[in-house]
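A.B. asks: Sequence:
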Amino acid sequence: MTYHPKSAFMRVMMERGFLADCTDYQALDDALSQGCVPGYIGFDATAKSLHVGSLIQIMMLRWLQKTGHQPITLMGGGTTKVGDPSFRADERPLLTPHQIDENIAGIKQVFAKYLDYEGDTPALMLNNAEWLDGLNYLDFLRDIGRHFSVNRMLSFESVKSRLDREQSLSFLEFNYMILQAYDFLELNRRYGCLLQMGGSDQWGNIVNGIDLTRRVLDHEIYGLTSPLLTTSDGKKMGKSADGAVWLNADMRSPYEFWQFWRNTTDADVGRFLKLYTELPVEECDRLGALQGSEINDAKIVLANEVTTLCHGVGAAQAAEATAREVFEKGGVGDDLPTLVLTAEEVAEGISIVQLLVRSGLAKSGKEAKRLIAEDGARMNDAGLHDAGLMVDAGALAEPIKLSAGKKRHALVKLG
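Residue 4 is where the sequence shown starts when you use the working numbering, and the numbers rise one by one after that.
Where hints are given, some of them may not hold.
What the hints assert, rightly or not - Here are the computed distance ranges between Cβ atoms for each label pair:
hint, residue 1, residue 2, range
1, Lys239, Leu293, 49 to 57 Å
2, Ser152, Gly408, 42 to 50 Å
3, Arg218, Asp24, 16 to 24 Å
4, Arg411, Ser354, 46 to 54 Å
To be verified - Derived DSS-like pairs (lysine-lysine); straight-line CA-CA distance at most 30 Å:
hint, residue 1, residue 2
5, Lys239, Lys9
6, Lys238, Lys116
7, Lys111, Lys366
8, Lys69, Lys116
These are computed hints drawn from the structure, not numbers from a lab. By construction, the Cβ of each residue, glycine as well, lies at the ideal position given by its N, Cα and C atoms.
Turn these sequences into a full structure, and let the hints steer you where they fit.
C.D. replies: Structure below.
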């Protein structure tokens with residue numbers, strides 16, 4: 004991309020790897036250069052916390068505010084009643100209004116850590132139930148529905164992929180993209196919102212909102228998407244061996260959160276530093292380029308920076324201290340049985356089942372698998388639920404602590 008942005012926000016998006024696509028780079032950059040631009044991202048309330056998969060969007064809103072603009076966090080109190088079908092194989096379970104309200108209350112706790120709702124350009128916390136709950140169906144069909152072509156809606160990849168696999172798409176879900184487009188229209192009408200951001204899977208929904216607003220209000224608004232992140236080994240960002248990495252401390256402890264980032268694959272360190280921390284780009288590049296055991300120092304910086312943003316500096320320091328106590332200074336590690344592996348043994352990865360057996364925590368592969376299935380196995384104090392997990396040399400750059408139950412532990416390290 005040869006475009007050189009004038010605005011600080013667009014520079015950050017491009018330099019740090021947040022930008023996948025934009026509906027009009029030049030016009031959006033001009034608007035950002037001329038004054039405060041309100042921009043929003045929508046979050047459906049499908050759980051009581053967001054997880055790491057949403058963190059790239061939260062950081063985009065944070066950077067929007069840090070560069071002088073107004074972030075809008077839109078809670079999907081209305082759209083959650085429908086469910087976003089984008090790139091899903093099946094319909095989301097429908098939640099009751101009470102469940103949705105409880106989930107929104109939990110999610111709001113996350114945003115308070117990343118955004119300022121009271122400063123010079125205060126963030127706005129809105130709920131689309133404000134305008135969706137009171138809609139009259141016939142009026143909505145006549146005033147809004149007439150602007151949508153079913154032919155075009157069927158061509159969007161999020162819908163097309165579902166139909167191509169001959170998986171059912173309910174009429175309820177099919178309406179989701181109309182409701183999301185209507186959100187953008189209402190945010191522009193009520194709050195002067197000029198920008199919608201989201202993951203690249205939301206491109207079709209965003210473009211629909213821009214078209215609708217142009218048709219109904221004759222206003223120019225913009226869309227910007229981030230890449231859908233996977234780790235370098237192809238796994239979806241936000242998932243770990245023991246499930247979703249939640250951002251709320253009551254659903255994932257700060258220590259386990261810290262360990263998730265500390266266990267980042269070597270190849271992802273530089274990229275994750277740019278996306279999930281506020282360290283200068285040059286420092287992110289320097290840390291990401293470290294080799295051998297030095298890359299572990301960069302992983303600790305990553306874990307500390309991300310944990311500080313999410314849980315506070317005290318939680319980050321406590322997590323690092325606990326990890327060092329276990330793995331570096333001995334601590335409980337001094338008296339633990341230790342399995343020493345050669346580089347050749349882990350060149351192509353070694354299964355977690357083998358490690359449990361060879362470390363003496365399980366007598367057989369069958370017992371190891373049962374231990375994992377019954378939630379009795381842990382790695383670095385985080386639950387193990389995937390018996391197919393492979394451990395590579397990168398993960399063994401520092402000793403790994405394995406546990407069977409609460410009292411039996413072992414260390415695994417490279418010799």
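A.B. asks: Next, verify each hint and record whether it holds.
C.D. replies: Status of the hints after comparison with the structure:
no.: 1; hint: Lys239 x Leu293: 49 to 57 Å; verdict: violated, 26 Å
no.: 2; hint: Ser152 x Gly408: 42 to 50 Å; verdict: violated, 59 Å
no.: 3; hint: Arg218 x Asp24: 16 to 24 Å; verdict: holds, 22 Å
no.: 4; hint: Arg411 x Ser354: 46 to 54 Å; verdict: violated, 19 Å
no.: 5; hint: Lys239 x Lys9; verdict: violated, 33 Å
no.: 6; hint: Lys238 x Lys116; verdict: holds, 27 Å
no.: 7; hint: Lys111 x Lys366; verdict: violated, 46 Å
no.: 8; hint: Lys69 x Lys116; verdict: holds, 14 Å
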